[in-house]
Amino acid sequence: MTQEDQSDGGTAASSAPTEFAARFRECYRALWAVAVAIVRDRTTAEDVVQDAAALALGKLDQFKQGTSFRAWMTQMVRFVALNHARRLKKRRGESTGLSMDSLVSHPPTSRQPATLARSGDLPPDQAWFDDRVAAALASLGETARSCLLLRTLEHLEYAEIAELLGIPEGTAMSHVHRARAHLREQLSEHALAPARKGQGT
Amino acid sequence: MSRDTASLLDLYLDGLLEPAESLRFKEQLRGDPLLRSQAELQRRIDAAIVRAWTAPAAPALRQQDTPPGNPHSKRTFPRPLQAGWLVRSLYAAIAALLLIGVGSVWVWMGSSGEADPYAGLPWRSMEMFYRIETQKGFEPMWVCDTDQRFASTFHSALGQAMRLRPLPQGVRMLGLSYSHTLSPRTVCMLARVNGTPVVVFADRLERDTPPVLSAESGLRAHRRAVGALVLYEVSPLESPRVLDFLEQVEMRKEWLDK
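These protein sequence lines map, in sequence, to chains V and H. Per numbering that gives the first Met the number 0: the first sequence = residues 0 to 200. Per numbering that gives the first Met the number 0: the second sequence = residues 0 to 257.
Misleading hints may appear alongside valid ones.
Computed beta-carbon distance windows for the label pairs [to be verified]:
| no. | chain 1 | residue 1 | chain 2 | residue 2 | range |
| --- | --- | --- | --- | --- | --- |
| 1 | V | Gly165 | H | Glu20 | 28 to 38 Å |
| 2 | H | Met140 | V | Thr17 | 30 to 40 Å |
| 3 | V | Thr17 | H | Arg23 | 43 to 53 Å |
Which chain V residues face chain H? A few, computed with CB under 7 Å, are given here [as the list claims (entries may be wrong)]:
| no. | residue |
| --- | --- |
| 4 | Phe62 |
| 5 | Lys63 |
| 6 | Ala133 |
| 7 | Leu182 |
According to the in silico footprint, chain H covers these stretches of chain V (three or more CB under 8 Å from chain H) [what the hints assert, rightly or not]:
| no. | region |
| --- | --- |
| 8 | 32-45 |
| 9 | 173-180 |
Hints listed in this document are in silico derivations from the structure and should not be mistaken for laboratory results. In this text, all values refer to a predicted model and were calculated from it rather than measured experimentally. Beta carbons: idealized from backbone N, C-alpha and C, even for Gly.
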């Protein structure tokens with residue numbers, strides 16, 4: 000059990016909204032990572048976490064003292080995000096901002112990077128690589144993507160990821176390792192291309 | 000690469016190998032170029048994920064998201080509502096919104112009354128940043144008029160105070176700008192060396208990603224690690240002219256208000 004989880008007990012957010020606000024801020028990044036893993040769009044992920052917070056505020060009396068606030072909030076975020084993803088699936092099409100979806104629908108097939116259309120700038124090789132990573136991420140399952148993002152972005156322990164997503168620790172680790180292998184496989188062709196320019200001292 | 004080796008690589012990158020196993024794997028890495036390239040590729044992938052998908056700063060809860068009257072009017076869990084609970088929740092929600100609103104205004108608005116300078120910045124590579132800023136006239140967004148302010152700006156942005164030692168003749172620090180480059184919160188120092196624009200990008204060491212500069216740009220990148228920060232000096236110059244004048248200093252409490 001992590002330090003945060005232990006401190007969740009006792010005076011946690013079960014009834015005090017100020018405590019809720021503080022706890023919410025503490026775990027916001029992990030919540031956002033879970034949301035973006037499901038909805039695959041930065042802006043939508045922010046909306047989802049906001050919606051989940053509003054939902055959780057209305058359910059403060061259901062939070063059990065002594066349990067992990069972060070895990071409880073994660074379940075809220077997943078509930079809202081999955082609902083959103085289902086709705087979006089029905090009326091598929093638009094997406095805003097940086098989206099894994101737009102990249103998997105139109106994966107970059109040449110060295111013409113997807114960011115060119117977005118920014119109007121001539122991006123470096125790195126932008127193309129980043130787009131390929133986003134496209135490969137989009138091809139992962141939702142749980143694998145959540146595990147990978149929580150591990151890579153938030154550096155959570157596998158036990159923490161498992162608790163947040165309600166899966167066994169070994170499964171969380173397996174998801175991350177398989178996801179990494181998949182990404183390496185997808186990216187290796189580009190990565191091995193001898194097109195590196197620039198240098199450092 | 001075999002499945003076992005791939006698995007070992009992941010455990011190694013996770014830091015989950017026993018010390019002896021880790022040493023053995025390092026040896027294996029040294030002698031196996033393919034394995035080494037896979038490890039390097041994984042680091043690049045991780046860096047790309049961090050660049051693109053780092054979470055934004057925690058926002059204030061939006062007012063329209065509070066439960067309007069019936070907090071479950073739009074989304075419901077299969078649990079009956081109770082009137083007393085409803086009233087308590089509503090008051091709690093309003094109080095939370097007020098507190099969060101005041102708190103976030105305090106956090107997001109600096110003493111100067113300016114909004115978060117990083118808000119909404121698009122990602123730019125070092126090369127893009129350099130080119131765009133030089134085209135725009137190479138004007139910094141922020142000028143630190145004292146060493147204390149310089150130190151406290153770095154401390155608040157990157158968690159480590161920095162000092163700029165006196166620069167030699169011909170080298171002039173213009174000021175600071177902000178960019179989403181190594182991470183969404185990269186600090187950029189704009190300087191001129193005998194009139195040539197020079198940008199020094201600073202960020203936390205754990206967000207370090209070596210830059211890729213196109214040959215056409217004519218730019219070079221020079222790297223230094225200073226404490227917990229990584230610095231990249233980018234310019235057409237063959238050697239770094241500003242980097243070596245930047246050093247870590249201990250943050251003092253009295254500087255926070257400067």
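Here's how the hints hold up against the structure:
Evaluation of the 28 to 38 Å hint for Gly165/V and Glu20/H yields a pass: the beta carbon distance comes to about 31 Å. Take Met140/H and Thr17/V: their Cβ atoms lie about 34 Å apart, and the range 30 to 40 Å holds. The hinted window of 43 to 53 Å between Thr17/V and Arg23/H holds, with their beta carbons roughly 52 Å apart. The closest approach between the C-beta of Phe62/V and any C-beta of chain H is roughly 12 Å, which is over the 7 Å cut-off, so the hint fails.
The criterion of a C-beta within 7 Å of any C-beta in chain H is not met by Lys63/V, whose closest approach is roughly 14 Å, and the hint is violated. For Ala133/V, the interface hint holds, the least distance from its beta-carbon to any beta-carbon of chain H being 6 Å, beneath 7 Å. Among the interface hints, the one on Leu182/V holds; its C-beta lies about 5 Å from the nearest C-beta in chain H, closer than the 7 Å criterion. For the region 32-45 of chain V, the stated coverage by chain H is satisfied: 4 residues place a CB nearer than 8 Å to a CB of that chain, which reaches the threshold of 3.
Restraint check on the region 173-180 of chain V versus chain H: 4 residues with Cβ-Cβ distances below 8 Å, three needed, restraint holds.
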